[in-house]
Each structure stands twice: as structure tokens, then as C-alpha cells.
Amino acid sequence: MVMVTQKDVARDTGLSQTAVSLALRNSPEVSTSTIRLVRAAAKRLHYRPDPMISALMAQRHRRHKSTFRAKIAFLTAFPQRNEWRESAYSAGCFAGARQAALDRGYVCEPVWLREPGVTAQRMSGILWTQNVQGLLFAPLPVDYPSLEIEWGKFSALSLDYSLARPVLSRVVDDHAFGIERVLEEIGRRNYRRPGLVLRASQDVRTHHSRLGVFLVQHRLRPEWEEVAPLILPEDRWDERLFAEWVRRERPDVVLTEEDRLPAFARTLGLRVPRDLGIAFFYKDHPTRTLSGLQINSDAVGATAANILIRMIETNERGAPTTPTTTLVQSFTWNDGRTLRRPTRS
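Residue numbering for the sequence shown follows full-length UniProt numbering, starting at 1 and increasing by one per position.
In case anyone wonders, no lab produced these hints; they're calculated from the structure.
Be a bit skeptical, because a hint or two may be false.
Unchecked claim - Once the Cα atoms are required to be at most 30 Å apart in a straight line, the calculated DSSO-like pairs of lysine-lysine come out as: (1) LYS153 - LYS71; (2) LYS7 - LYS153; (3) LYS71 - LYS43; (4) LYS43 - LYS153.
Said to hold, decoys possible - Computed beta-carbon distance windows for the label pairs: (5) PRO222 - ALA95: 20 to 28 Å; (6) ARG271 - LEU215: 27 to 35 Å; (7) ARG271 - LEU102: 47 to 55 Å.
Glycine included, each C-beta is placed from N, C-alpha and C at the ideal position.
Make a model of the complete structure from these sequences and hints.
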């Protein structure tokens, strides 16, 4: 079969080969109608890019980028400028993204979306004049509104599900895989009444993935007795609700992300782990005493930066028509001392 080239597409459309090349890369130097015309012709003629040439061009592009240092903006939007740094997860994502960007010849810098007096439209102009090519959205407040940024100027990616509109492609840690891993460890320790404690805001932020997996696994394991999950209605720890739930549901192990739970369980007269096991499905900093998963948020940030750079270098701008989600499974299990020892391998 004869390989179709860009020259063939140019001949079919009546355009120059340069215009065809720019259109196939979604370059802003050609009109949207030209891009549609060229892509339709390429599809009809069964044009496929040569992977060797594409790799060579990407390498040349990276060398060029390292000279003038294109930028990626790590966008945050909490009420205080540096509030995002209090989250070890966000800080780890930024560290991973910054290093990955540096390795590829880019600069990654934090940008606060709540600058006083700066509208979204003005922010777009500021970012553009500073040679920002990519937008990487850090986890935002759950109730954060949609943004009126000039999306067509930038490649954009999100690190969670909190940005409601537009829907961007995302890179997130695999919440479902993580809680399955914790449940597997609980099964190895012969617990019979596992319970789940979640904050409502985190349940929404993770699209109910942890709650969904927990409920499904309960159905799949006949040896487990039913324990209703505790969803804390406010974005804070509630000792009264937890104490009532423990007395009512009688769990023998609790899955949570609340650091204070082991100490509070002891105030209820429960010995950890003899009377109540505690397993953490989300820890963003290392600990020797708490049993559960440690999240490598650096890997999430690095993965996101590499995907965003690919989008920049292929001129994928604006909100995608078909958003994708990349799940990163970068967890380390820590035996700790809040679960009893495994009885089987």
C-alpha cells in the first residue's frame, strides 16, 4: 500500500504543504475552517503521520523550547495565596510537575487565580504575554465556579475533578485501585465488619469512586457483614457522629483518612488495633505508625506535566471535545501498627 504524505493532502485540498503541516498540528497560524478541511481530507485519504519523522520533530521542538523556556502555570484558587502548600498532595504534585517540566526544558510556576482586581480575561492576557503555553490546574475548592479563560490560547490539564466547566482532561491518582488495595490487606487480616468513614467533600471530589468500590466489594465478599458507611456532612471531623456510628454499626476495622481517629478511638475505650483496626486509604506523607497507603503525589504531578508538554508540542489547545482521564497507580503500602498482623499471605 502506497503511503499517503502531506504533499498528497496538499494536492487534494489545493493548499500549500506548509499550510497542511500547520493544520495537522492544530496551529493557531491557520484558521479553524482550514484545519477542518485538511483533517477531513487526511481522513478520506487515510493519511498517517510517519512516526520516525514525528519523533525527530518532537526532539527538535524540545531543543528549541529549552532555549526560550516556555512556561507551564500551576494554577491554584484557594482563598489564601499559599494555602495550597498546606496540602502535601498539592505540594507533591507541584514538585513532580516542576522537575518533569525542567527535564523537558520548560518552567513550571504557581499562579494564584484570586489576584485582587484581576479578571479571568485579564489573567489570560497576563499568562499569554509571559509565554505561558500550558495550564495545570491544582486541586481547587470543590465549589469553585467555571473559568472564562481564553482557552484557545492554551493547552490545559487538571489534577482532579473539581473544575466544573469546562471539562478538561485529567491526571489523578487511582482512588478505586487504592481502596481495593486497602481492602485486600484487610481481607488478609480476617476482619469481618469493615466500615468506611469519608468526608462528603472528599466523596464529591473523587466522584464517589472510593465509596462505590467499598460498596461493591462488600457485595462480593459474603464473609463480610454489612456496615453502613459514615459520610460526614461537613468538611470537618465530627467526634459525636463518629462515636454514635461506632456504637450503632460496631465495625471491627475502619477505612479512613483522618489522622486523629486512632487517638479518638482510645478515648472511647477502644484499643487499637485489638478492639478496632484502622486502615488509611490516603496518606500523603510517610508515617511508621499508621497502617495504610502512602500516595506518591510527585509521580502524579510528573505524569501530568509530561502529558501537558505533549499537548503543547502537538498544539492541542482549548477544552477537548473528548476529555480523557489518566489514572496513576503510585502507592506504597505501610504495615504500621493500627492493623493486626496478617493471618494469610
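Cross-check of the supplied hints:
Annotation: proposed proximity of LYS153 to LYS71 holds, straight-line Cα distance about 13 Å (limit 30 Å). With a C-alpha separation of about 28 Å, the suggested pairing of LYS7 with LYS153 holds against the 30 Å cut-off. Using a Cα cut-off of 30 Å, the hinted pair LYS71 and LYS43 is violated, with the two alpha carbons roughly 33 Å apart. Of the supplied pair hints, the one linking LYS43 and LYS153 holds, its CA atoms being roughly 26 Å apart against a limit of 30 Å.
At about 44 Å, the beta-carbon gap between PRO222 and ALA95 misses the expected band of 20 to 28 Å. Restraint check, ARG271 to LEU215: a C-beta distance of roughly 28 Å satisfies the suggested window 27 to 35 Å. Distance hint for ARG271 and LEU102: a CB-CB separation of about 49 Å, consistent with the stated range 47 to 55 Å.
When the structure is compared with the earlier hints, violations turn up for hints 3 and 5 and for no others.
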